[in-house]
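Those protein sequence lines, which keep their order, are chains C and F.
The opening position of the first sequence corresponds to residue -6 in this note's numbering, with each subsequent residue numbered one higher.
The opening position of the second sequence corresponds to residue 223 in this note's numbering, with each subsequent residue numbered one higher.
Check the hints yourself; a few may be wrong.
Claimed, not checked - Calculated pairs, SDA-like style, for lysine to any residue (alpha carbon to alpha carbon, straight line, at most 20 Å):
#1 C/67 with F/329
#2 C/114 with F/323
#3 C/116 with F/330
#4 C/74 with F/309
#5 C/74 with F/315
#6 C/67 with F/311
#7 C/67 with F/301
#8 C/116 with F/323
#9 C/116 with C/74
#10 C/114 with F/330
#11 C/25 with C/93
#12 C/74 with F/304
#13 C/25 with C/96
#14 C/116 with F/329
#15 C/67 with F/323
#16 C/74 with F/322
#17 C/67 with F/315
#18 C/114 with F/299
#19 C/74 with F/311
#20 C/59 with F/303
#21 C/59 with F/308
#22 C/74 with F/323
#23 C/67 with F/302
#24 C/67 with F/309
#25 C/131 with C/72
#26 C/67 with F/300
#27 C/67 with F/308
#28 C/67 with F/303
#29 C/59 with F/322
As the list claims (entries may be wrong) - Computed from the model, here is a short list of chain F residues facing chain C with C-beta under 7 Å:
#30 278
#31 282
#32 309
#33 316
Since the hints were derived computationally from the structure, they do not count as laboratory data.
Backbone N, C-alpha and C define an ideal beta-carbon position, used for all residues, glycine too.
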Amino acid sequence: MSSPVRKWILILAPLAAMVAPMTMAAPAAPLKLPDFDALAAKASESVDVSLDAGLLGIAGAFLDPKDPEDASAKQLIAGLKGIYVRSYTFDRDIVYPAAAVDMLRRQLEVPGWQRLVGVRKDKEHTTVDIYVSVEQGKANGLVIIAAEPREFTVVNIVGNVDLEKLRRLEGKFGIPKVPLPEGDRPTGHL
Amino acid sequence: MSDERTNHDLEQSLRAALRPADPGADFPAGVLARLAAEPARTLRPARSLATASWLTFALAASVVLGLFIAHERQVRRTEQGLEARRQLIQALRVTGEKLELASRAVNTTEHSTDSLHSGA
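Extracted from the complex, chain C is given alone in its bound form (with noise of 0.2 Å):
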């Protein structure tokens, strides 16, 4: 467990699987994402990735198997049915639209969507929240939606989700490798 993913992925999957049995299967439906649009035109950098299954599935052919990074990411999209990103980048520290995230997290206390981690760091303006619906023990959403002061995101993956490829991504597509130290191994608990 040398990575802060990994033990993402440690704490997630056995929590994924104690909410199988307690909830109801979510649809494998993209959320209605808000329209983002005042926050876009405020941001100096933006996000807007919308890939349905048929745009999963051109994407995967243009996926080099020989090179590590393309087949990891086509290993990841094989049982995805959607991934949908909204992320907005300022220059300065920013108020988010309440009504739009509220909107989004309404979508989101139906049955079969669990919170499986919310985070609020007062001190930085940091908000993450984690959303999974599982089915039959497995996951096949994910809603990841951060608030940081001058960063705001929403990811929606539709499907099954599978959290070991997920961590698989570590060190690939310019995400960094973080050693943890020593004291903060994982737990295994939230």
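Position chain F relative to chain C; hints supplied.
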């Protein structure tokens, strides 16, 4: 008197010139043979050649057009695929960054007074 004479001579000359004459027994056959032979030698070959030329041109143009359309379709498909691949890589990068952010937040929160919630 002389006028009547002149008219009579003229009438006789005309009668002589326009008297019926037998064309001969082989005249109809000759005409029919000539009619039958003439189109085959001149008009029909010219029309067939023009038609064949147009057909060849149309066929060649269709082939070229088909190849062009197939090429354009392939170019568009390639562009769409490369763009989808770029977006996929970007989405995975953002996802990984936010998982890492969550992981860092959990690590530091465990040792601080900030709030940490779990839905489990």
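Tested hints:
As the CA atoms of residue 67 of chain C and residue 329 of chain F are separated by approximately 30 Å, the hinted pair breaks the 20 Å bound. Between the alpha carbons of residue 114 of chain C and residue 323 of chain F the distance comes to roughly 12 Å, so the proposed pair stays at or under 20 Å and holds. Between residue 116 of chain C and residue 330 of chain F the CA atoms are separated by roughly 12 Å; this keeps the pair inside 20 Å, and the hint holds. Between residue 74 of chain C and residue 309 of chain F, the direct Cα distance comes to roughly 15 Å. Compliance with the 20 Å bound is thereby established for this hinted pair.
Proximity of residue 74 of chain C to residue 315 of chain F is assessed by CA-CA distance (about 18 Å); at most 20 Å being required, the pair is judged to hold. Distance hint between residue 67 of chain C and residue 311 of chain F is fulfilled; the C-alpha atoms sit about 10 Å from each other, no more than 20 Å. About 19 Å separates the Cα atoms of residue 67 of chain C and residue 301 of chain F, which keeps this hinted pair within 20 Å; it holds. Of the supplied pair hints, the one linking residue 116 of chain C and residue 323 of chain F holds, its CA atoms being roughly 15 Å apart against a limit of 20 Å.
Distance hint between residue 116 of chain C and residue 74 of chain C is unfulfilled; the C-alpha atoms sit about 37 Å from each other, more than 20 Å. With a C-alpha separation of about 9 Å, the suggested pairing of residue 114 of chain C with residue 330 of chain F holds against the 20 Å cut-off. Using a Cα cut-off of 20 Å, the hinted pair residue 25 of chain C and residue 93 of chain C holds, with the two alpha carbons roughly 11 Å apart. A C-alpha spacing of about 19 Å is found between residue 74 of chain C and residue 304 of chain F, which places the hinted pair at or below 20 Å, so the restraint holds.
Our distance criterion of 20 Å between C-alpha atoms is met by residue 25 of chain C and residue 96 of chain C, whose separation comes to about 9 Å. In summary, the hint linking residue 116 of chain C to residue 329 of chain F is supported, as the alpha carbons are separated by about 15 Å, within the 20 Å threshold. For the hint linking residue 67 of chain C to residue 323 of chain F, the alpha-carbon distance of about 24 Å lies beyond 20 Å, and the restraint is violated. Distance restraint check for residue 74 of chain C and residue 322 of chain F: the Cα-Cα separation of roughly 23 Å exceeds the 20 Å cut-off, and the hinted pair is therefore not satisfied.
Under the criterion of a C-alpha separation no larger than 20 Å, the hint pairing residue 67 of chain C with residue 315 of chain F is consistent with the structure, at around 14 Å. Taking the CA atoms of residue 114 of chain C and residue 299 of chain F, the gap is near 45 Å; set against the 20 Å cutoff, the hint is violated. For the hint linking residue 74 of chain C to residue 311 of chain F, the alpha-carbon distance of about 16 Å falls within 20 Å, and the restraint holds. Between residue 59 of chain C and residue 303 of chain F the alpha-carbon distance is near 18 Å, which keeps this suggested pair within the 20 Å criterion.
In summary, the hint linking residue 59 of chain C to residue 308 of chain F is supported, as the alpha carbons are separated by about 17 Å, within the 20 Å threshold. For the hint linking residue 74 of chain C to residue 323 of chain F, the alpha-carbon distance of about 25 Å lies beyond 20 Å, and the restraint is violated. Taking the CA atoms of residue 67 of chain C and residue 302 of chain F, the gap is near 17 Å; set against the 20 Å cutoff, the hint holds. Among the hinted pairs, residue 67 of chain C with residue 309 of chain F is consistent with the structure: their alpha-carbon atoms are about 13 Å apart, no more than 20 Å.
At roughly 11 Å between alpha-carbon atoms, residue 131 of chain C and residue 72 of chain C fall within 20 Å of each other, so this suggested pair holds. Between residue 67 of chain C and residue 300 of chain F the alpha-carbon distance is near 17 Å, which keeps this suggested pair within the 20 Å criterion. Restraint check for residue 67 of chain C and residue 308 of chain F: satisfied, since their Cα atoms lie roughly 13 Å apart, inside the 20 Å limit. With a C-alpha separation of about 14 Å, the suggested pairing of residue 67 of chain C with residue 303 of chain F holds against the 20 Å cut-off.
The suggested pairing of residue 59 of chain C with residue 322 of chain F is violated, with an alpha-carbon distance near 26 Å, which exceeds 20 Å. Look at residue 278 of chain F: its Cβ only gets to about 39 Å from chain C, farther than 7 Å, so that hint breaks. A hinted interface residue such as residue 282 of chain F counts as satisfied when its beta carbon comes closer than 7 Å to some beta carbon of chain C; here the least separation is about 33 Å, so the hint is violated. Of the supplied interface hints, the one on residue 309 of chain F holds, with its beta-carbon coming within about 5 Å of a beta-carbon of chain C, less than 7 Å.
With its C-beta approaching chain C no nearer than about 5 Å, residue 316 of chain F sits inside the 7 Å limit, and its interface hint holds.
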